Structures are given as C-alpha cells and as structure tokens.
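Could you slot chain B with the ligand onto chain A? The hints should help.
Next come the chains, spelled out residue by residue.
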Amino acid sequence: MQIPAPFDYVRATTVDNALELLTRHGPDSRIIAGGHSLLPMMKLRLARPEWLIDINDLYELDYILRDGGELRVGALTRHTTLLEADEIAELFPIVRDAEQVIADPVVRNRGTIGGSLCQADPAEDLSTVCHVLGAVAVVRGPAGERTLTMPEFHRGPYQTAVGQDELLCEVRFPIRPRTGSAYEKVERRAGDWAVGAAGAAVTLAEDGSIADAAVGLTALGLDQTVAGVAGLLRGKHPSEELFADAGRLAAEASDPVADQRGPVDYKRHLADELTRRVLRRACARAAQTAAQTQEG
Amino acid sequence: MTVINERESNPAAGDPDRPIGYGRIQRKEDPRFVRGKGNYIDDLVLPGMLHGAILRAPVAHARLVSIDTTNALSHPKVLAVITGKDLEGLKLAWAPTLSADVQAVLVTDKVRFQGQEVAFVVAEDRYAARDALELIDVEYDVLPPLVDARKALDADAPVIRDEIPGRTDNKIFDWEIGSAAETDAVFASADVVVSQEVVYPRVHPAPMETCGAVADFDPVDGKLTLYETTQAPHAHRTLFAIVAGIPEHKIRIVSPDIGGGFGNKVGIYPGYILAVVGSIVTGRPVKWVEDRSENLMSTSFARDYIMQGEIAATKDGKILALRTNVLADHGAFNATAQPTKNPAGFFSIFTGSYDLQAAYCKVTGVYTNKAPGGVAYACSFRVTEAVYLVERMVDVLARKLEMDPAELRLKNFIKPEQFPYANKTGWVYDSGNYEAAMRLSMELAGYEDLRREQQEKRAKGELMGIGVAFFTEVVGAGPRKHFNIVGLGMADGAELRVHPTGKAVVRLSVQSQGQGHETTFAQIVAEELGIPPENIDVVHGDTDQTPFGLGTYGSRSTPVSGGAVALVARKVREKAKLIAAAMLETRPEDLEWEKGRWFVKGDPTAGKTIEDIAMAAHGTLTLPEGVDGNLDAEVTYDPPNLTFPFGAYICVVDVDPGTGHVKVRRFIAVDDCGTRINPMIIEGQVHGGLTDGVGMALMEIIEFDADGNNLGGSFMDYLIPTAMEVPDWETGFTVTPSPHHPIGAKGIGESATVGSPPAIVNAVVDALAPFGVVHMDMPCTPARVWAAMQGRARPPV
Ligand SMILES: Cc1cc2nc3c(=O)[nH]c(=O)nc-3n(C[C@H](O)[C@H](O)[C@H](O)COP(=O)(O)OP(=O)(O)OC[C@H]3O[C@@H](n4cnc5c(N)ncnc54)[C@H](O)[C@@H]3O)c2cc1C
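Quick note, the sequences are listed as chains A and B, same order. Each residue of the first sequence is one higher than the one before, counting from 3 in the numbering used here. Each residue of the second sequence is one higher than the one before, counting from 875 in the numbering used here.
A portion of the hints provided could be inaccurate.
[Unchecked claim] What follows is a list of derived Cβ distance ranges for each label pair:
#	chain 1	residue 1	chain 2	residue 2	range
1	B	L920	A	E86	18 to 28 Å
2	B	N913	A	Q102	35 to 45 Å
3	B	G1320	A	E86	49 to 59 Å
4	A	E86	B	D1602	18 to 28 Å
5	A	Q102	B	L920	39 to 49 Å
6	B	K959	A	E254	57 to 67 Å
If you're looking for bench data, these hints aren't it; they were derived computationally from the structure. Owing to the predicted nature of the structure, the values given are computational and were not obtained by experimental measurement. All C-beta atoms, glycine included, are put in the ideal place defined by N, C-alpha and C.
Looking at chain B on its own, in the form it has when it is part of the complex:
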C-alpha cells in the first residue's frame, strides 16, 4: 500500500525517470499532440475529395410525406442528394444495430427522433453542402411523440416501431437475473427494508472530437478505404462487409488519432454509411464530419435508467439482499453497444462489493422518440448504473440505520479470503482487498476529522457533506465463449516484430482515443523484453496493418490487448532463448533471463542481449531447430475471465444554503487496478474520469420537452465541467493483481467514471441531511438542490 504522490519506478531500469518497463514515463504520443501534429479525421484531405452534409428531422415523431430534392440538385456545387428511397433501392435504408435491432440510415417511412437523418447532400465543399440542405423541401405529418419512458407501455402510447410487422407496443425486452424467490424470502424475514427510486438520467459522452468519416471507394479495384472515428476498426470492417456487401478483403478501415470516444464511437452511424454511399455514387472520396449539435442530438447517448431499488438488512447493519426493477429508455432504435446476451449488459453487477445472500433484478427496455444508443459511455456496459444504484442504496440504508456510511460498507465487504468470489448473479470476482482500499481512502481523507468538522459546521447552519462510495468494476470483455458483438468473439491479437538492430514494432487490435496506448503497450513489451519503450513503436487503428480484435471500450484494452502484448513478448523471449542458446553454444534450459538478456546460469558474463539476438536472428547464424528466422511473433489472447478493478472514493462538498450551489471541495480516490504499468497514465485516466463524474453528478443531462425537442443540443445547454468545478484530485492506490491475467493488470479506463458520481451525490445528500433529504436525483444543479431542501425541516442554526 502506498500513499499519494509517491513515485514508483522500475528500479531495475537504473535511471528512475526512464524505466525500461513499468513506471512513470511521459507519453510517447504527446509531442505530436502538444505540437498540433495530431492527425484527426478532419485533418485528412484526399485529392478530389467531396463533402457531405446531413439533413435532419426538426421534429421527434412524424410521418414522412414527401421529399423534393430538385432545388438542391440544381445548386451548382451539388453532385448528389441521397434520400431514404435511394437507399431502399440499394437495400441500405436500414442497418443492423449492435443489439439485434435495425436502425434507419435515412428516414423512409417515419421520423422517430428529433435530429434523425433524412437526406444526405454531397457537394464540392462543405459550405455548399450545408447551404443545399436548405434547398431540400420535406413535408412531414407530425405525430404525437412518446417522450416519457414511464408512459411507453401505456395502452394509448403511440407505437414507435410500427414498421416491424406485428408490433403493437413499445416494449423491447423484459430481462431478469438472480433468484426472485430466494430474494423475496430474504426480504420477507429481514429486520430492515428500505426502498428508493434512483434515476440515472440520459447523458452524452460528448467527446471533444465529433464523429466523422472520409470514405474513399476506388471504382477500379473495388477497394473501400474508410477513415473513421471508430473505437473498433476491425469490428467495423466485418460489419461493413456484411451490411454493404463489399468483400471484406476489399475493405480497409483506418482510425487515425481520435479526440475522445467514451463509447460514443463504437457503433456504426448513418453518417459513416452515407459517406460510403456518397463515394460509391460519385466515384470520389467523400468527407462527412458532424457538428457539435449533431453529435449531441443524434449519436449514442448513455444511461437513462429509472431504477427502483430495495435493500434488506439486519438491524445491526448486515446487508442481506438487493432487489431492483429497472425501466430502461433505449430511444427509437435499440442500438446499445454491449457484448452479452443480456440486454442490460453488465448491469447485473449491481450487487456491488458486498457479500449478499440474495439478489434479483428485472429490466424492462422500451422505445421512446429519442436518439438511439445506450453506449458504454465510460461505463463498462452499464456498470456505472449498477454501481450508482447500489452505492446510493447503501447510503439510504445507512441513514435508516443511523450508521456511518463508511462503517456500514466496511461491515459488508467481500473479504479478501473469499476471492475468487461468486456473486448471486453469475459473476466470479477475480481478486480484491476492499477493506484495505477503504481504510486507505479514509486515512488519506482524514475521515474522522472531516466528520468532526461537519458537526461543527452543522451547528453553525453550514452545509458540508461527506460522500463515500466503493465500487467494483467488471472489465476486459471477454472470454469468447461468453462475449461477442454481433457474433464476433472478444479475443484480441498482437503482433511483435523485433528488427535486426533490436528496435521493435508491436501491432495491436485495439485503438486509442487518448488513453496513451502508444506508451502503455510499449512499456509492456519493454518490461518483458528489456527493450527501452522509446525503441518500440505501437501501430494501431489500421485494419490492413494490425491483427483482428474488437477494439477499445469497456476498459478492455489493457485487460485483453495488454494480455496479448505481454504474451507475444514472452513468445519472442522464448524464441530469443533458443537463438541465444545457439549463439552461446549451450542448451536453452541452461539459460536464465534477466531483463534484456539471456545468460548462462552460474556464469552471468556469458550472455546475449536482446539486440545481439535480434541481429543473429536476421543474420547468418545457423538457426536452431524450431526457429525459421527473424524475431517476430503473434498471438491471440482469449481472456479466461474478466477483471474486477475496484476503488474507494470519498468526496467532500460544501453547499450554499441560500442558492443550492454545490462546491466539490475535496475528492480522494483510491484505485486498485492490479499491476500498475504507467502510474502517470493511470492518474490521468482517474483524473479524467473523476472530472466526468463531477459533470454527471452536478450538471450533465439530456432532457426533452413534451414535444420531444432535445434540450441538450449544444454546449450552452449540455454542460460539461471545467477546471473551475473540480478540486485538486487526491489519488492513492492499492495493488491487488488479477490472478488470471498475464501481468496481473485489471484496467483503469472507466473506474473513476463509475465510482465518482455516487460519491458526489452521496456527499450532496449528506450535506442536506439536516433537511431530512435521503435522496436526490442527478444532476445536482443549484435549482434541484434548492428544491430538495424545500418543504423540509430547517437545519438547526
């Protein structure tokens, strides 16, 4: 266990600031970014490139009466206007979603959400394309919209998906897990039962870079090169082959630098398909890049779960069971990106970090007239919702029992010796030491002192809140027998080449959106082979250059591709051993490895460095049996289980009693992601996720008015946090390696986004305790906080 700010580096590396392997090194990709030399989709210019723009529906629900494109086509710079009718002819009007549904590429029959794609203009430049949108005449017959998910199953609710034969309602699925009977029995005999409705509102990933594509279809050799903002290039290649009927070897997907994904860039959006159609139709490359409002209004949202939670416990605070009923708003098409057979993804981890006797959940998914999606917005496939639910429920219980929320958690944690731990909904948690993380977090926070300070402040009428949250993440999807996306298993490949001079290139199947892959993965190879990270190039994001794999989301890159990279490096190391034995004229089993070289056991001076071996592998040495030259290898890693990072977060807020304004004063985050590869990158991921959490807890929400108008369609309306709203993050860590992962790493990408919202909301609710508030829904804006205080007892002054 180590505390804040201690610098860990790899002592074997000599210079602690330049570890050969794990440790703090600056990100290799940053010189490119800080000098403005990144290469994003919108930087790409191809000869003869045209520009596309999408006409979007102004209303949420309407029958499409007619589209007249005559005026737009007569614009001198317009080359094509594509409508749903045109796509119907190509059998491309509808495309499969990632959840066994279909989504309209362009409206053919009916508009189903405001901002839906209606037509696509291809023009000589972007200005002309945009201007021409105004020249398209569309007639709509407006229908009453369905906005409130709670009314989706009412008998008189408008049926949104009436194009599906036989469909008469808006239900997408009912899904349950856990034993209802067992859970009911535990609830029936429990001393204490509390229930609370907990809403996780619709939010948006809002990556800094919006989505876009450049499609380049070569009419001569029939090859499509598609540059795309995608987190999953290989999956997209296969999907494009299936959807567009282009042979897969004639498709190359390139995902260049990506300005943030957060799950927003997993799915295939109509814009990508339209760019491809535009290129095929015109025979020239077509660029399409959406603007901010298009991104916020039409691309995948996240969350939108209305959760009725119930928790049962003994009167001295032993939690016995959890039960929840969820209404999930999926918008107009079920386009949730998630890799399980369960339509609620990983929500079944709502049992959290506690040793329960029983648990049960039921989720009902419905259609509404809202944008589709439900993505892994830094949520590991709905772990965010699950953790938020359980962590709010535990706090509600603590209030009921008049127990300290930290103490209640400590009393109920799964104990270190219980791992691997099988929970009541089918997960097997790999490893954990929850109490240690919780206690460290409390120590760093000065928990007792904070509680004392709170007492003093309350006596003066000041509102200070301390929020505690503990989370168990489940990431690294996943074993291919259990996890797939549209039938593609979730293993990842890695290829490693060591050049004659001992410099290396490692090719990954995952794609970075800012996580620092070019550094982290070089460090994994460095740790295994002793080649300095600066001598290892990481290649990713181009399907013609990298092995197959499913991409980066759900915090899966280090758990899955990280495993692949460690294994491929070990494979090279074993190959190097054979070559070294030949060079040293000894038997492989007589060799011993130290970082960077093989040497003869008992004679450390007789050895060969990896550079020596690389040269020999490509040189004239007579190679030993089983080595056919070079020092390359490739593997595919199918993880045996998921990994379960965890963390203990404590948040301190001050609430202005007169205005309801919340100030996050302190935030202490203790994370355990197993083996730590680059602590600086880990902290960066944590800082980003915590900031994200502040956004969701305090300001982010996509709301709709009664007509289905999206009220979050710009950054003036959809607020994301700034440096002004966040405190100096205080981070700490414990290390509990994953027992089944090649290097024990568990993943860190989404931990902080998962863990921070409940910590902040718990703190706000704690601050409002003198008013009798036990729960409030996010976002805790000044107006909502003030409203929560109204009509309640005034705090004692």
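Isolated chain A, as found in the complex:
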C-alpha cells in the first residue's frame, strides 16, 4: 500500500461551493475528480496537497448535451460515458477511437474529461482529441466564466490556463457537417500510455476535396496541432501521396524524447505513420458522412 502525505478533505456541494472552497483553502488545495492522475502522484508523494476538494457530487457537471451547432460535455463526464455515447461516436468517431485505448475499464469508470484536460499529461489522449476537433473549454472562477480555445487552454506539458481558484466546467465541440475524424495509438500493452498517437479531423467540400483538416499528436512532443496541415491539404482530393506529405509534416513537427517506450527515431516514424493512418480513416469517414447527408 502506497501512502500519501497527510491531507484534509472536503466534498463540494455545488460549483459555487467548489470555487469558494478553492479560494478559502488557497494554493495548497486541489480539485479531485476521478483521482486517477492525482492519487497516484499523491501516493508517490510527488503531489502533496493539503486540501482535496472533491467534486464528484457535482452531477451538474456530468452531462452530454446537443445544443444547436455544438455538443456540450460536462467536465465531470467519465471516460466510460464518452466511450459508450453513440451520439458522440456518430458525430466525433475520434472520441470512441481514443476512449477505447485510454487506460482500462477501471480507470475509465472514474477518470473524467475535465481531469484529463487539466492534468495535461503529455501522453494524455483527450487533449489531442480536443485540439483537432477545435473544442472550446469553459472555465469558471471567482471573476466569472471564460471561454478558451484549446490553444489558449493547453499551455504545454502539465500546464493549462486554469488558475488555482478556477474550475473547468465544460468542453464544447463544434459540430461540422461532412466531417470525419479518427485516432490511433501505439501502446506496448492495453492500458499503457501511448508510445505515440495521432488524431485527425477532416472536413470535405461538396466536390470531395478537403475543405479543412487538423492533425494532432500525443506523446510525441507537440502540444498544439501540426502547423500547416490544413494549408497542405485544403482544396486537394484525398490521396496516399497527400497523406504521405502530411505524415512528413507531422514527423518534422514532432519533437519526441527517448524513453522506455522507444527511441526518438521510432517515435518520429510513428508521427508519420500514424498521421497517414488517421487521415486515411478520417477522410473515409468524412466521405461516408457526406454521402449520408446527401441521401438524407
């Protein structure tokens, strides 16, 4: 049994109450959601909060809601909920792709989208997903609510724009027609963090050419989407050559570090290989969605 350093614990009753508690207990307090990132760090005594503010009673943060052109997901929504929601799988197949390879059922039953994004682990999968889908984060604090794009929200490994006294409340995904998305991860074993992963979203124009595209990488040393992908693909018809060009771009943009999961050259290769794969799949899915829209 690994034992964390001593701490105090309080359950928040509402979002406002959580914010009050964060202010009251100050910098040594931490929100706990699923606890699957925070508790391991506490047990290793790498994190030593003096107060844990538990938000697991805040059911008002656990929802998936279609609202006009957006899908709104509460920050306390569990991985399992995201994995199982058919509506999400239909609109954003990348989410189910990713959720299938995030940890294992035990972790997914507790871990939340909010915790994942706020943890911002460089090998964390949902940040990449949110980046390529152009998601927006809704953050609340004593001064009220702010809305941040992913590039604004996600500042680098373990760093986000969420202040100590703030709470991530919601993630909004814009629903785009004629769009497909996909995610692929290489792992040493089921439930392991990514050796490398890539996600892509592609929107097709009426004529089948690419109208917009984004590619993101996980655990490969790139915090934002791969720059220049949209420019490279826009106006062109999907082809293996095009995917290969995008793959090269991703490999160049990646900046992986060597570790037990693999050396740099292998990880760079994965940036290339996985980018091709997810673009291929995202394009195929976009084409399928486009065809269905036409039929309907």
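For chain B with the ligand alone, coordinates are given in the frame of chain A:
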C-alpha cells in the same frame, strides 16, 4: 494421445464429473477465494499489532555517512527506529543468502542498489510509519555505480563488495560444465557453425500479492510466531534459528494464503527479519507489508543472462554440439535461490531435447549495483534461460540451413528408445516421446496450412510469423544426495490421518501459492484410497502442523510431495489391509484391492470399505499384529531422480509493418507432464505460464539508467500482460509417465513459462525474416521490433 478439450475423468468413479481420484474437479480452495474469504498476510490483525515501514536508498551506490533518527523518534506514534548500527549490535546486520553469500539487512557501510533497506520504523499505524520515514535524515556520499554487467570485470570498475576482505573485483564465480576439448573438436570438424548472442533480460516475478510478514515474539515463553509470505516455511524456520539464534522449537512459521510466488517468495528478505527484530524490541506483534514499488525494486529478480551461443551441425541438419559462454548479472549480493553446487543452477540442461555429441558451457557471475536475487521465477532454477538459448540457436541454425524449424527439431530429437537418456552435462532424462508431442502440436496448429498462409501473406507484404519451440524441463529437486538448500536436503514429508468415519486429513511440507494443492493432493489420496476428494482436507503452510520439507518452487510439489502423498496413502492402504483381514477373519494375502475397499479374492461380496476399516481401526476390534491403532501414517520421500516434463509449442503472430506492434494470434501448447491428476488444474497452470511467456517475450524488462536508477519500479513501467494481449490458448497433451515416480507424474508448474518465450520470439523473428532478421532480444516491444527491421532489406511487396 488425446486432443484438445477432450474431458478425461476417472471412469471408475461413476459420475464423470465427480471422480474419486484423478480427473477434472473444481478446485476445493476456490469457494474461499471467489468469496473474498482468503486469508493473506495483510488480512491478519493481531491484538496490539504495530506496523513497520522501510526507508530505502534513493541511489544505487553510495557510502553511508550518517543517519539521524531523532526527528522520527519524536513522532508521537513511533515506537522504534532501527538502523544498521543497531543490527550490528545484535549481529544481524548481515544475513546469509541462499547462495553462500551474505546480504545486508540494513545498510551499515555502503548502499549497493537503489531501493536497498536503510532503516526500519515501527509505529502505531501504517500511516505514521510511512510519514516517519521522511523524518529520518540520511547523508550519502554518492559513488559511481556499476550498471552494465559487461563492464563489471573492467579494471576500472568500482568494486561493489569492498566489505569482503581482500576483494578487488566484481567476479562472483566462474563455472563450467561439459567437455571443452570434446566440444571444440566437434566444432572444428563440423560443416556448419552458427553463433549468436542471446540476452535474457532481467525480469521480475511480480506476484499479485507483494511480500510481507507479521512477527509475533512472545516475550514470556520466548516463542516466535512468524506469519510470512513464504514458499518454503520449513526452510525458513531452520534459517531463522541459525540466523537469529532463536531455538528452532521456539519458532513457528505460518504461511497463509499466498497471492502468487513464482520464486519471489523463496528467500528471506530483510523485511521479514526486521519485522522479527521490531517485535522483539517492542514486545508487540509487528506487521510489515511492502508496496508494489518496493517489491519490484528490491525483491528477487530473475534471469539477467547474456549468453553467447554456438551450434555446430552437418549441412543436412544433424545437430552435433552446443557451446555457450554466459555472463550472469547477480546484482549486489549473490542471493540466487537454487539447490545445486552449480552456481548456475539447472542451466546445464541447455542441451535441450536433442541428441548431441558434445556440449560445453561456461558461466561467469558478476556483481552489479542492482537488486539481488536471480530466483526460480517459474524457471526451474534457470531452465528457462537454457531452453530459451537452445531453442533460439536451433532456429538460427534452421535459418542458416534454410530448413523448416519443425523439421530440424524432428530430425534431432532424442528418440523414445534412448530413454533413460544421459546428456553431455550429467543429467539422466527419465522418459520422453518428443516426436509424438511435436507432431501432435503441428497437427493441432495445422502447420502446413499456416506455412502456406504465411507465403501468401508475405507476397502481399504482410508480416506473419510461426514460431516453434520444444522444451525439456527438469524439475522435482531432488535426490537429497545431490540437492540441498543451505545444507537442507530436498526430500519432503507427508502425514495422513484417516478419521474413524473415513474422512481424512493429509499434511504436506510444501506450500501452495495458487497452484491448487488443496485439490491435487486430495485427489492423489483419493486415487490411492478411494475416499472422495471432498472428504480429504489438505493442511499446509504451518510448520507446527506439518512435516518437514523444502517447499514449493521449481515445479517440485507434485514430483516430490506428490510422491510422498501417494506413498503415505499406500502405507495407509497396506495398514487397512491388515485390519480388513482381521475384520474378515482371513489372511492379508487373500485380499484384493479395488478403489475404496479390500475384498476376498474370488468373493467380491466379502469386503470392507475404507470407512468400515477406519472405524474398526479406532474401535474395539482386536487389532492384528503390527497395527497399534488408528489408520494414520507418515513418510518422507526422497526422489530417486528428477523428472523431465516436456512440450511442443507453436505460436502464430502478426506484426504490423508500420508500427512494429506484435499480435499473438494463436498459441498451441502440447504438454507432457506424465500422469495427469487434475487436467483442469494442469490447463490452468499452462494458461498462466503461457501468459507469463507473452509478458516476457513482448513487454517485461527491468532496466536501469546510467546512474543505476531502476526504470521498472511500478506497474506503469513494468508491464505485465492482460487478457487483451493473449489469444485463446489451444492446449493438447501426450502422456509419458515418469518411470521412477510413484504415480508417474512429472510436474507442470513451470513448463509453459519455460517453453513459451522462445516460441513467441521465434515467431516474431520468423515474421521479420523478409527483412533478414535472424535474432532479436526480448522484449519484442513495438519500438524494438521496428528497430530490428531498420536498415534491412524491405520485404518484397
Ligand atoms: C493506469 C492508468 C492508465 C492511464 N492511461 C491513460 C491513457 O492511456 N491515456 C490517457 O489519456 N489517460 C490515461 N490515464 C489517465 C486517466 O485518463 C485519468 O483519469 C485522467 O488523466 C485524469 O482524470 P481524473 O478525473 O482522474 O483527474 P484527477 O486525477 O482527479 O485530477 C487530475 C488533475 O486535474 C485537476 N482537475 C480535475 N478536474 C478538474 C476540473 N474540473 N477543474 C479544474 N481542475 C481539475 C486536479 O486538481 C488534478 O490536478 C491513465 C491513468 C491510470 C491510472
């Protein structure tokens, strides 16, 4: 020969699902486990019990400058803080290992591996004990570490064991076996010689339950009761008597339910000794249970063999000789658990299943700044390394000769009529029919079809591999004249009591860690006496209640204790015969046995069941001469030889050419463990071992960085396989009983762990053949597989 899924049961038992004797029955212990009613070390709570925690070294190699325990001692819940200095006073700072070395219980002079034990805190609760570790101030003077075993013998290598007077280097031993001259001669005249370096990396047994102990020293009568996660309770009792100076009759070792051992729980760890010291010092029971990282970083590892192999053959594929030079990394203390005079244990079985003209091996053991150990991690004392070496070498040779690897093996097997077979390194294999097992495995796999499919896939640029491996295990240590652990011979005892109503209790000297002993051993008694297994209780794991013996590891329980149990049941049967003769007023020689009863030859109606006889034995019957009452017996079984289970494994993998990811698609395992007692338990053992093999072949490794930091210290870093990585196991079997074992059983515990890694690696290498790959080292992670493909010819598309 029988194929997959056929249910064997004992027809004599009537109901095939409830055999009285051998056959498929559900495990008697499982209701307890599936209901959460198991009783593990950490479930144990004694009145007044305290809790211990160990402070561990953060660095791999450092001189200990000072320890200040003042702040820790002032923690309100702390009762004691024990350091190496305190132990020196008690002459307990160093303890003997299982390999004639010593190991520091707590550091006195120098830290020798990261995670080494530095101090022990005893507190009112576990939280306080852990918190107090942070209050101990230790000053270290960091030294350059020795991490790479290949550099251990360099002139400028730091000397790790400088506390041993006169020691100036890191060599532990040089050991050789076989005839170098004969082997060299065969190599010199051979048509074909291939050589290959084969590394079996450091892995860890990683049992689900970590190690722990509750020590309860009674200050009044001086008796120590030590509850421990141990696979060898009796050996521990004697060792504690010797090390701690407590008289042996005042020591009781209890090993309750154990959540997996795999060799990890054979040795005596500092934590056990510290719990005892803590209890003596405080006069109260002390519990110590390590956490996962402590288990992975400080307890016995396995393998860590760098093997240079060479194989000689004729050009038409007759294997002539094998030669190998091994560098063995033993870590900071030589704590290998193995029962021979050979420091490499049973590695000398590297001649495998083949009829060779000559064989030679040399092993050099070295110290490094890594955790000590080198245990029988489901490896039968290094048979795993041996089998991996020979099975890789045979594949390398097959590639060179452009021969099918199955065919090459079939051509070289020891033939059934050659048994008992004396190999070139001193083993006498008891029995075998290797070709039959190999052919069955190929038939179950559909070998020819697989090869065809592989051709088609290769033409399309897809990477499919078929791996073949054949192993001969050597288990059941062993004859006491040859095998011992710190001087204790390896015979095992068994005691059987048949109560007046015909229900029985059998007491064993071995201890289960999940192998199903409570079922298997009841079935052996049932088979011999005709008492239903549910009416036989198996008692084990408590030295005050069981006969002496050396415990469970190296697949020895059925070969040794199984023999003892069969013999003790037969002894009871013979005693029952005398009593039955008295009851039937006839002569014993006129009686005949059928399962469960003695009857008069020629008059089957005149007989007495074992229940009748049990009642009479305890009743008022005038007992015959030579029977002094009851229906009990005891024996000690000293096995005349080891047993040699074997098996033929075929693995099919698909490799993703873009990512290097390996998927094990199929695995066919044909095992021959001689007589099969409970096929369901055998299959369980095989399934577990195969899963283990997937772990070692594809993901498990304990690596160290240049500073000696352990990179495998958690389950995030040290990966063990899940249901997602393993296929549906396809098992089959042949039965070649051991001729010298009382029931012909050979043991099955480690066969699959021994046999599966080479099958999987051979399959991966086979998949990569189009790239010209002839070997790659484990674990075959995506990155390593991809690396093996680089810079090589692209496969034809
Ligand atoms: C064995 C294992 C394997 C894993 N594998 C993967 C994997 O392959 N891929 C992957 O992406 N993840 C993986 N994870 C991480 C998992 O997805 C976690 O659940 C997730 O990273 C954190 O979510 P949580 O709800 O548990 O957050 P917590 O651990 O509760 O919190 C994490 C951090 O976020 C903060 N926080 C949480 N919620 C909020 C909020 N609403 N507002 C502000 N701050 C907040 C906390 O204060 C804390 O600092 C794994 C975890 C484990 C234990």
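Kindly confirm whether 49 to 59 Å is satisfied by the beta carbon distance between G1320/B and E86/A.
-> 38 Å, violated
Is the hinted range of 57 to 67 Å satisfied by the C-beta distance from K959/B to E254/A?
-> 59 Å Cβ-Cβ, so the 57 to 67 Å window holds.
CB-CB spacing for E86/A and L920/B relative to the 18 to 28 Å hint | Between L920/B and E86/A, where Cβ atoms are some 46 Å apart, the hint is violated.
Consistency of beta-carbon spacing, D1602/B to E86/A, with hint 18 to 28 Å | About 26 Å separates the Cβ atoms of E86/A and D1602/B, which means 18 to 28 Å holds.
Could you check the hint for me, namely that N913/B and Q102/A are 35 to 45 Å apart, CB to CB?
-> 38 Å, holds
Okay, Q102/A versus L920/B on CB: inside 39 to 49 Å?
-> 47 Å, holds
Of the numbered hints stated above, those contradicted by the structure are hints 1, 3, listed in ascending order.
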